[in-house]
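Peer 1: Top to bottom, those sequences are chains X and D. Quick note on numbering: this note's numbering labels position 126 of the first sequence as 126, and the sequence is numbered without any gaps. Quick note on numbering: this note's numbering labels position 79 of the second sequence as 79, and the sequence is numbered without any gaps.
I should point out that these hints are in silico values taken from the structure, not numbers from a laboratory. Please note that the accuracy of each hint is not assured.
[What the hints assert, rightly or not] Which chain X residues face chain D? A few, computed with CB under 7 angstroms, are given here:
(1) LEU88
(2) VAL105
(3) THR106
C-beta atoms are modelled at their ideal positions from N, C-alpha and C, and glycine is treated no differently.
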Amino acid sequence: MHAHRRMNTSSRSIICEHCDSLFESVPLAHGQKAECTRCGAVLERGQRLSIQALFALALTAAMLFMLANAFPVISISMEGLSNQATLLASVEALAQGRITPMAAVTGLTIILAPLLQICLLCWLLGFATAGRAAPGFRTCMRALEHLRPWSMLEVCLLGILVAIVKLAGMLDVHPGIGLWALGMVTVLLILISGKGIRRLWDDLEGQLQ
Amino acid sequence: MTEPVYARQRGLVLCHTCGHVCQAGEHHCPRCHSTVHARKPNSIARTWALLIAALILYIPANVLPVMRTNMFGNASENTIMSGVVEFWHGGSWDIAMLIFIASVVVPCMKFLILGTLLVTCQRKSHWAMRERARLYRFIELIGYWSMLDVLVVALVAALVQFRSLSSIDPLLGIVFFGLVVVLTMLAAMSFDPRLIWDVEVEDV
Numbered sequence: 001m002h003a004h005r006r007m008n009t010s011s012r013s014i015i016c017e018h019c020d021s022l023f024e025s026v027p028l029a030h031g032q033k034a035e036c037t038r039c040g041a042v043l044e045r046g047q048r049l050s051i052q053a054l055f056a057l058a059l060t061a062a063m064l065f066m067l068a069n070a071f072p073v074i075s076i077s078m079e080g081l082s083n084q085a086t087l088l089a090s091v092e093a094l095a096q097g098r099i100t101p102m103a104a105v106t107g108l109t110i111i112l113a114p115l116l117q118i119c120l121l122c123w124l125l126g127f128a129t130a131g132r133a134a135p136g137f138r139t140c141m142r143a144l145e146h147l148r149p150w151s152m153l154e155v156c157l158l159g160i161l162v163a164i165v166k167l168a169g170m171l172d173v174h175p176g177i178g179l180w181a182l183g184m185v186t187v188l189l190i191l192i193s194g195k196g197i198r199r200l201w202d203d204l205e206g207q208l209q
Numbered sequence: 001m002t003e004p005v006y007a008r009q010r011g012l013v014l015c016h017t018c019g020h021v022c023q024a025g026e027h028h029c030p031r032c033h034s035t036v037h038a039r040k041p042n043s044i045a046r047t048w049a050l051l052i053a054a055l056i057l058y059i060p061a062n063v064l065p066v067m068r069t070n071m072f073g074n075a076s077e078n079t080i081m082s083g084v085v086e087f088w089h090g091g092s093w094d095i096a097m098l099i100f101i102a103s104v105v106v107p108c109m110k111f112l113i114l115g116t117l118l119v120t121c122q123r124k125s126h127w128a129m130r131e132r133a134r135l136y137r138f139i140e141l142i143g144y145w146s147m148l149d150v151l152v153v154a155l156v157a158a159l160v161q162f163r164s165l166s167s168i169d170p171l172l173g174i175v176f177f178g179l180v181v182v183l184t185m186l187a188a189m190s191f192d193p194r195l196i197w198d199v200e201v202e203d204v
């Protein structure tokens, strides 16, 4: 469904971030999206989930993320010897000698960025369910914007699957509990960490000093 | 159907952090307090710099080995391409394709597309504007999947550690490859897609 209207009255206006076109915002039902008539970029999407539902999903994501980090994602065995790896262990595997900088990048993309996203979302949405702006609202919302491109759990998930196939030829590979938890966190984060959270700015605008 | 008006023509500027519509001339967004720019600062120069740096690092990333496999005394070193070839000959052509797309096709597409966008914007070209805007959104969407190979190496190296018997260790090539991914991501972020459309308004 497409919905867009040219700027004519003084109702809330939106600017396309890809081409600087000015539009008047129209209310969208869930599943609808507004597209820019000039460049075709998505301007706004109708929200599927309420703030309460988002908060519940954020809490679920927090619990699953703990599981995903506490338990190994893959374990392998070979001639009686066995070994397993958690997410943190794979970051540590890069933290040796000349390649240490890569451990920092990997740690940011698969542990730190998702962790901060989940914590910030729980914090912001927890207050938002009570109709209030969380302390440090502006800083938290800005941090979420800057973290979004660096959170790469879905890439990590594909990486684990590739690693399983790669090793399966040489030794016995078993997916761990951490992998299932990680799969679910990835889906939840895709649902809750998108640009949709920007609506808190509009919802709570009156609360900000 | 007439085209929509540009925000700049009405003296309005978009805040990139919260989406607020600010008056031109304001330096900070009244709602979220972040700095507001009409266009990303020095967009073209920054994007060129990051893109060229990434292109230079892409050479060692492909030439240097990314990991050393030691299986029962048989040591071998793999570059990204030799890893792909090994998968291909090993019969898993699907995984070979996946890694080839993530580590070769995606970065090369980013170099080509960002390069094209930069050149056409500098020449103030009116050519295929809608399509160029779509290309930019496309590389923003696919860019981070190139991290795949870095994560695979990290996982495999963490798992296969059986002392002297067998081990897999990451090598220097993976740092260069990771830096290429980070730099191309930064390059895509510093490019301002609104520059594509600025040629339509004369007073730039």
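Peer 1: Go through the numbered hints given earlier and state which of them the structure violates, listing their numbers in rising order.
Peer 2: Number 1 only.
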